[in-house]
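**Q** Next come the chains, spelled out residue by residue.
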Amino acid sequence: MPDDPLAEALRAARDGDRRGFATLWRGLHPGVLRYLRVIAGDHAEDAASETWLQVIRDLDRFDGDLAAFRGWLFRIARNRGLDTVRRRPTPPLPAAASASDAATLTLENDGTAWAVALIAELPIDQAEAVMLRVVIGLDVATTADILGKRPGAVRIAAMRGLRRLATHPDVRDRTQPSRQGV
Amino acid sequence: MRHLRALLHAMRKRRSTDTDLAVGDPGLRRLIEAARAPATASELSGEKQMVDAFTAERKRAARAARRRRRPARIRAVLVPVTAGLALLLLTGTAVAARTGNLPQEAQQHAHRLFSALGVPAPRTGTPSPRESGSPSGPAPTPDLAAFTRCEAWRGAAPLSSHDRRTLIAAAGGEHAIGRYCEKVRQSASSPAKTAPPPAAPSAGTPSPAVPSPGVPSPGTPSPGTPSPAGPPSSEPPPKPSGPAHSGTQPPKSGRATPPSIATTKPAKQQPKATIPPRPSVAAAPTRVTPSGRPS
Chain A
38 MPDDPLAEAL
48 RAARDGDRRG
58 FATLWRGLHP
68 GVLRYLRVIA
78 GDHAEDAASE
88 TWLQVIRDLD
98 RFDGDLAAFR
108 GWLFRIARNR
118 GLDTVRRRPT
128 PPLPAAASAS
138 DAATLTLEND
148 GTAWAVALIA
158 ELPIDQAEAV
168 MLRVVIGLDV
178 ATTADILGKR
188 PGAVRIAAMR
198 GLRRLATHPD
208 VRDRTQPSRQ
218 GV
Chain B
565 MRHLRALLHA
575 MRKRRSTDTD
585 LAVGDPGLRR
595 LIEAARAPAT
605 ASELSGEKQM
615 VDAFTAERKR
625 AARAARRRRR
635 PARIRAVLVP
645 VTAGLALLLL
655 TGTAVAARTG
665 NLPQEAQQHA
675 HRLFSALGVP
685 APRTGTPSPR
695 ESGSPSGPAP
705 TPDLAAFTRC
715 EAWRGAAPLS
725 SHDRRTLIAA
735 AGGEHAIGRY
745 CEKVRQSASS
755 PAKTAPPPAA
765 PSAGTPSPAV
775 PSPGVPSPGT
785 PSPGTPSPAG
795 PPSSEPPPKP
805 SGPAHSGTQP
815 PKSGRATPPS
825 IATTKPAKQQ
835 PKATIPPRPS
845 VAAAPTRVTP
855 SGRPS
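Chains as they are written, first to last, in the numbering used here: chain A, 38 to 219; chain B, 565 to 859.
These are computed hints drawn from the structure, not numbers from a lab.
Even for Gly, the Cβ is constructed at its ideal location relative to N, Cα and C.
Any given hint could turn out to be false.
[What the hints assert, rightly or not] Examples of chain A residues toward chain B, derived with CB under 7 Å:
1) Phe58
2) Ala59
3) Trp62
4) Leu70
5) Trp89
6) Gly148
7) Ala152
8) Val171
9) Arg209
[To be verified] Each pair of labels, with its calculated beta carbon distance range:
10) B/Pro602 to A/Arg48: 20 to 28 Å
11) B/Lys612 to A/Asp41: 23 to 31 Å
12) B/Ala647 to A/Arg51: 33 to 41 Å
13) A/Pro206 to B/Arg627: 55 to 63 Å
14) B/Ser679 to A/Asp100: 57 to 65 Å
15) B/Gln613 to A/Asp100: 23 to 31 Å
16) A/Asp52 to B/Glu611: 48 to 56 Å
17) A/Ala190 to B/Arg631: 46 to 54 Å
18) A/Ala190 to B/Arg627: 45 to 53 Å
Chain B on its own, in the form it takes in the complex:
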């Protein structure tokens, strides 16, 4: 018990620096020293095995790190490139939509979705009002080949069967070739810009443009005669054909000209003419004729 008391005393005294708690008792000190003794050979017998395990693990870790680094490098290249391409594509589409250069249907979609952002409607969105009479929609541009074919069809030159088929297809039928060629001739003879202008107002204000060719009353007064229904069939043909061309097709021109008037003539006065025709039929001729006759 004396030993124990000495031990407890030592422990109380050395609580802060208690690395050698067992100092007090020789037997206990011996025990602790034995427990702390240097390694025996049997304790270290497993050294080679463990060091080999260490080396193997290091090799495996190095391989894994290399394998992990490779896809990371590929990803580091691929991600920015893909993002850049996507950004380019989006920007291009946005610019095309903003300037109205998308394909017609896509532009229509873009306009419906982003009209608030200033995306315009398709420029050639309503081609039908201008050529409501003829089914051949997409042939308003002056086409030299079409003009040549029309000349050939009229008999100026031999018309090959291929050209004939092309002409029929372009006109939308054999019976419509006369009307079609009339249009081709007009667009070819007049300055090249005459075709687009009527398109612009018709696209910008579709509602006024549609009724004008459809309802005959606003269109027919334009020749200048006050009576709306009577004259168009007899008198108008000479007048528009006069400034444009001297010789038009005899029977067909009667039916062909009204649409052509609607396209070419109002085109120049559309800003003025579109508003008046609606309120009164009588007011329209007075305004149209002064500007219509000098031309």
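The shape of chain A in the complex, shown without the other chains:
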């Protein structure tokens, strides 16, 4: 149901409608940006801009429904993200620092940034699988296509990622107070 307005927006954007494109962007940009945070870190904003500019440029050549568009969008996002990292590699943050970042985010109550930062700490194949499969909600086939893996490998990577996240102290710490609250 929530995809219906986006499907409508996609049709309008392909016809050149400015408001249609704005709706599409508002609906999909957060997912793109969060996914890119996982694979491109600090370059996520730049990579997201490049992704959307490429979408704008090639939109009239795209032919498909909203599901196909999401697959196309995240394939572009992945390529732009990896390009950006290759162009301007950033030294990987020490685990302690990122953990403290996550802790800070928790204190600031920015749940989304905290969650994405935790997912980003996973091994990259698990992190990508969790983001695309679980957070964004792409189906296995599309995710496997984007990552260049077999669907079985994607399932296993997502499962292992989630298992690791569940054992993460921050997740468990956060679980306790909420349970106490309930």
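Add chain B to chain A, keeping to what the hints say.
**A** Relative to chain A, chain B alone:
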């Protein structure tokens, strides 16, 4: 670990409908929900910039499409027109070549290249054999102006210097005017078609036509006398001049007539005469004379 086991159990159970893999563990569910949370204001801060980029790109694409369409339209008109003109030109040339209407040299080329397709040789391709005696090649047609000039040259009317120059040029020299005018008179007096017929056989069978004027023996017997060498100088002049004209030029006619005989007289008997003269000189006169005398 209990949570994890529950999670794995849930994942195994829900493998087919795995949109919510994290259902089993509350902490994990919280994490995933946080990651899926609606957009924050900071995430959407770049909206106007991106929508402007979208609008600009659309405008640029529309302009480019218009620019691309214009040359395509010109090409759509130009290509068929050019092709049609080229086709017309080729067809015209082919038809002209087939009917032998090309300029002489072009026809010669076409004949050499496409004789297998039935392209004929140039019609006036070998004019020299007929008028081997006189250098004035291209004056076989009865020309009223030339006739008038010749009459004037003979003294019938005053000859202007311009006409005189034209006459000399047409004859190929002042000394050749007599011969030239004789030819003009003959072609003018005889039916207009007499000039083309000798051309047709000479072009069709060039080999027999060439030797006949060149070698005197086949040409000279035509007057009818059996002796080949002697008579032509004395006797022939009166005979051909008789049927054509009563008064010919006294000294020059002796030399002028042999070619004229070759052109006019054999023209009528060329189909018969061209073959016999070669095998025997004696056989030729017997056949020529019967048809030659009545005319």
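**Q** Next step is simple, just say for each hint if it's right about the structure.
**A** Hints, verified against the model:
1. Because the beta carbon of A/Phe58 sits about 5 Å from the nearest beta carbon in chain B, less than 7 Å, this interface hint is met.
2. Interface hint status for A/Ala59: upheld, as the beta-carbon distance to the closest one in chain B is roughly 5 Å, under 7 Å.
3. Restraint check, A/Trp62 versus chain B: the minimum CB separation of about 6 Å is within 7 Å; hint holds.
4. Residue-level restraint check for A/Leu70 holds (minimum Cβ-Cβ distance to chain B is 6 Å; threshold 7 Å).
5. At about 5 Å, the closest approach between the beta carbon of A/Trp89 and any beta carbon in chain B falls short of 7 Å, and the interface hint on this residue holds.
6. Because the closest C-beta pair between A/Gly148 and chain B is about 4 Å apart, less than 7 Å, the hint holds.
7. Taken as an interface hint, A/Ala152 checks out: its beta carbon lies about 4 Å from the nearest beta carbon of chain B, inside 7 Å.
8. Interface hint status for A/Val171: upheld, as the beta-carbon distance to the closest one in chain B is roughly 5 Å, under 7 Å.
9. Hint on A/Arg209 holds. Least Cβ distance to chain B is approximately 6 Å, under the 7 Å limit.
10. The supplied range of 20 to 28 Å is met by B/Pro602 and A/Arg48, whose beta-carbon atoms lie about 23 Å from each other.
11. Range check, B/Lys612 to A/Asp41: Cβ separation about 25 Å, and the 23 to 31 Å hint holds.
12. Taken as a hint, the range 33 to 41 Å holds for the pair B/Ala647 and A/Arg51, whose Cβ atoms sit roughly 38 Å apart.
13. Distance hint check: the CB atoms of A/Pro206 and B/Arg627 are about 58 Å apart, consistent with the given range 55 to 63 Å.
14. Taken as a hint, the range 57 to 65 Å holds for the pair B/Ser679 and A/Asp100, whose Cβ atoms sit roughly 60 Å apart.
15. Remark: the range hint 23 to 31 Å for B/Gln613 to A/Asp100 is upheld by a beta-carbon distance near 27 Å.
16. One distance hint, 48 to 56 Å for the beta-carbon pair A/Asp52 and B/Glu611, is violated here, with the actual separation near 20 Å.
17. A/Ala190 and B/Arg631 have their C-beta atoms about 47 Å apart, which keeps the hinted 46 to 54 Å range intact.
18. Against the hinted window of 45 to 53 Å, the Cβ-Cβ separation of A/Ala190 and B/Arg627 comes to about 46 Å, which satisfies the hint.
This entry does not satisfy hint 16, going by the numbered hints stated previously; all others are met.
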